[in-house]
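Novice: Sequence:
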Amino acid sequence: MKKYLLLLPFFLSSCFSTPAVTVNNICTLMDEEVSWYRSVKAAEKKYGAPAHVSLAIMYQESHFASDAKPPREKLFGIVPWFRPTTAYGFAQVTDDTWEWYQLKTGNYSADRDDFDDAVDFVGWYIVQSSKRFGIAKSDTYNQYLAYHEGHGGFKSKSYNKNPWLKKVASKVDENAQRYKRQLRQCESELNSNSIWSFF
0 MKKYLLLLPF
10 FLSSCFSTPA
20 VTVNNICTLM
30 DEEVSWYRSV
40 KAAEKKYGAP
50 AHVSLAIMYQ
60 ESHFASDAKP
70 PREKLFGIVP
80 WFRPTTAYGF
90 AQVTDDTWEW
100 YQLKTGNYSA
110 DRDDFDDAVD
120 FVGWYIVQSS
130 KRFGIAKSDT
140 YNQYLAYHEG
150 HGGFKSKSYN
160 KNPWLKKVAS
170 KVDENAQRYK
180 RQLRQCESEL
190 NSNSIWSFF
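The letter at position 25 of the sequence shown is residue 24 when you use numbering that gives the first Met the number 0, and the numbering goes up by one with no holes.
Don't take each hint at face value.
[To be verified] Cut-off 20 Å, straight-line C-alpha distance, at most; resulting in silico cross-link-like pairs (SDA-like, lysine to any residue):
#1 Lys136 x Lys170
#2 Lys130 x Thr104
#3 Lys136 x Arg183
The hints are simulated quantities; they were obtained by calculation from the structure and are not laboratory data. What you are looking at is a predicted structure, and each value in this text was computed from that prediction instead of being measured.
Please work from the sequences and hints to get the whole structure.
Specialist: Shown next as structure tokens:
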């Protein structure tokens, strides 16, 4: 889906104007962004996509920057040129894929730079990958490969031509497992916080 987004920290700095977020403990971020936690839990309930999987994918794609874009290619190795894809937003979704999501869900007002819409998309896409390829919703490694390469790429196993992508998928899986452990420790507190956000 987004083949050129390698997501190295120094590489990311030029991809978006809103600050990238470095997450060592997902509980801290969810405690600060109560509405984000509420959106993640809503998507988890709606689609059965584990919160830690969705969060790990989004972190890898944008580091939670709302207007993230892939970096521009360089003409002659120097001059900034076109971007390799139309990927944009928290979940780095291309124009065509976003239109597909809007068509299938009827959520035509959804915006890629809105966290609530972006995390809903990730949950929905995880379900599509599960239905089409039988990938468990909790299988972060293969869910990420299907997310990054798109369903056509995953079906053709295009990731086998990109060893670096498999390493990235393993990193996403490691982050997801870390988020899972952390969320277990703070879930009751976060749930309590989310109640107050309605007032």
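Novice: Each hint: holds or not?
Specialist: Outcome of the hint check:
1. Lys136 x Lys170: Cα-Cα ~17 Å, so holds.
2. Lys130 x Thr104: Holds, at about 16 Å.
3. Lys136 x Arg183: Distance of about 18 Å is within 20 Å: holds.
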